[in-house]
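S.K.: Top line first, the protein sequences correspond to chains A and B.
Note that numbering that gives the first Met the number 0 has the first sequence beginning at 0, numbered continuously upward.
Note that numbering that gives the first Met the number 0 has the second sequence beginning at 0, numbered continuously upward.
These aren't lab readings, by the way, just hints derived from the structure by calculation.
These numbers come from a predicted model, not from an experiment.
The beta-carbon is built from N, C-alpha and C at its ideal position, and this holds for glycine as well.
Hints are not guaranteed to be accurate.
Derived Cβ-Cβ restraints for the label pairs, each shown as a range [stated by the list, open to error]:
(1) 67(A) / 116(B): 39 to 49 Å
(2) 67(A) / 64(B): 47 to 57 Å
(3) 29(B) / 62(A): 47 to 57 Å
(4) 142(B) / 29(A): 21 to 31 Å
(5) 65(B) / 92(A): 24 to 34 Å
(6) 74(B) / 46(A): 34 to 44 Å
(7) 59(B) / 145(A): 36 to 46 Å
(8) 51(B) / 46(A): 31 to 41 Å
(9) 90(A) / 73(B): 18 to 28 Å
(10) 87(B) / 206(A): 31 to 41 Å
(11) 117(A) / 97(B): 41 to 51 Å
2 protein chains.
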Amino acid sequence: MQLELQLADESDDETKGARRPGTQRPGGRTARTRAAVRDAVLAGLTEHGYPGLTVEYVAEHSGVHKTTLYRRWGDVEGLVADALDLAGEDSWAPPDTGSLEGDLRALAREVVESFTDPAVAASGSALIAAGFQSQRAAEALRAYYTERFRRCGTVVERAIARGELPPPADTGSQAAAPAATMDSGALVRAVTAPLFLRLFITREPVDEALADQSAAAALAAARAGVFSTGGTAPGGPS
Amino acid sequence: MQLELQLADESDDETKGARRPGTQRPGGRTARTRAAVRDAVLAGLTEHGYPGLTVEYVAEHSGVHKTTLYRRWGDVEGLVADALDLAGEDSWAPPDTGSLEGDLRALAREVVESFTDPAVAASGSALIAAGFQSQRAAEALRAYYTERFRRCGTVVERAIARGELPPPADTGSQAAAPAATMDSGALVRAVTAPLFLRLFITREPVDEALADQSAAAALAAARAGVFSTGGTAPGGPS
Numbered sequence: 000m001q002l003e004l005q006l007a008d009e010s011d012d013e014t015k016g017a018r019r020p021g022t023q024r025p026g027g028r029t030a031r032t033r034a035a036v037r038d039a040v041l042a043g044l045t046e047h048g049y050p051g052l053t054v055e056y057v058a059e060h061s062g063v064h065k066t067t068l069y070r071r072w073g074d075v076e077g078l079v080a081d082a083l084d085l086a087g088e089d090s091w092a093p094p095d096t097g098s099l100e101g102d103l104r105a106l107a108r109e110v111v112e113s114f115t116d117p118a119v120a121a122s123g124s125a126l127i128a129a130g131f132q133s134q135r136a137a138e139a140l141r142a143y144y145t146e147r148f149r150r151c152g153t154v155v156e157r158a159i160a161r162g163e164l165p166p167p168a169d170t171g172s173q174a175a176a177p178a179a180t181m182d183s184g185a186l187v188r189a190v191t192a193p194l195f196l197r198l199f200i201t202r203e204p205v206d207e208a209l210a211d212q213s214a215a216a217a218l219a220a221a222r223a224g225v226f227s228t229g230g231t232a233p234g235g236p237s
Numbered sequence: 000m001q002l003e004l005q006l007a008d009e010s011d012d013e014t015k016g017a018r019r020p021g022t023q024r025p026g027g028r029t030a031r032t033r034a035a036v037r038d039a040v041l042a043g044l045t046e047h048g049y050p051g052l053t054v055e056y057v058a059e060h061s062g063v064h065k066t067t068l069y070r071r072w073g074d075v076e077g078l079v080a081d082a083l084d085l086a087g088e089d090s091w092a093p094p095d096t097g098s099l100e101g102d103l104r105a106l107a108r109e110v111v112e113s114f115t116d117p118a119v120a121a122s123g124s125a126l127i128a129a130g131f132q133s134q135r136a137a138e139a140l141r142a143y144y145t146e147r148f149r150r151c152g153t154v155v156e157r158a159i160a161r162g163e164l165p166p167p168a169d170t171g172s173q174a175a176a177p178a179a180t181m182d183s184g185a186l187v188r189a190v191t192a193p194l195f196l197r198l199f200i201t202r203e204p205v206d207e208a209l210a211d212q213s214a215a216a217a218l219a220a221a222r223a224g225v226f227s228t229g230g231t232a233p234g235g236p237s
């Protein structure tokens, strides 16, 4: 599972985890059912998009009875929201390349790789599309990405520990822990934002060079103090 | 008309333009029909979203006969694509505040203001949503934003003329026109990308402070040379 809704491998982990002998995994059968339903939801989204997804499709492709689906998930909105919730329960961690620049580049490249891989892109794109039509999907997307970007905070913490990011200046709190005064969420969002903009708003192509440029831009902004608490634009003519 | 699909005022301009006595406006009636159809498309998108938009709705709300709609626009996809094409034919120009920082802030704030205004946000959001379900809408979105961001190039040209952006270094082409070596498209996309990300992907709130931060981040990256041709990340530990 990655930042960009690459969901394909998750059911394998889930299923293997539930079946591994000697593993204490409460609700193994429930977890398997949930993963099977999630797989069917993603298959349906890939095939028909959110507006064409039906409970009937999910029942047919998951082997779970329609009555059970309605009882446990309510409706298509509930099914899509739970697919996102389940996606957020994985063990994904941001890249750890040894440098802030490397980590940010790797993050950006993950987005490009996922959404230029047709097998992965379709369901991820359909989940993002669902946010336009379903309030519950929108809330699940927010929760998913909030958690994803929260995990990316370690990238910034490691960079500060390595001395790659300066402590914020002129805030009168230089003695405080630097990590608390860097808006790491804004930084990691800035890394991926130009890619998501082109993929889903302006519908322009993305590639590795653009990923690297996005990472470099966010890094330059971070070094200039833009994401520091109380930070402003760097000095110069304005 | 603005960067962020604020379409509401466009029909007024269109209609007034067509009706003004003495104006040589070929196809005034056609232009009025087109604008009326576009208004009905936007009303339908606002009310029902793209999946719920029908030719019947557009006929009823535009006063244009269904047969005419099918003949001239083909189907719902064609109607939505033409609404976007028409939106791109306006006279919108980027802000001119006298400084690069001011212009970038104003650009970013326009996005926040439009998409936090419920009357404007609904149709703009529905047009972006249409790009997920219609290839023709996706192409029209790409054309729309390509033209919007192209116009923003003047912001960068003015900044270079004012000496607010440095000429690119170490490219061996310092004698060339600086404007040709700055990727102004990447810069202006970087300004708005963090806002579009939160509005339509991660579904997080946006506000003026975030607009200013996005503008400051893009500006810092531009000053560091990230958007210059051949530009890389600024020096420092990596």
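S.K.: Check each numbered hint against the structure and report the violated ones by number, ascending.
M.R.: Of the numbered hints given earlier, those the structure breaks are 4, 5, 6, 8, 9 and 10, listed in rising order.
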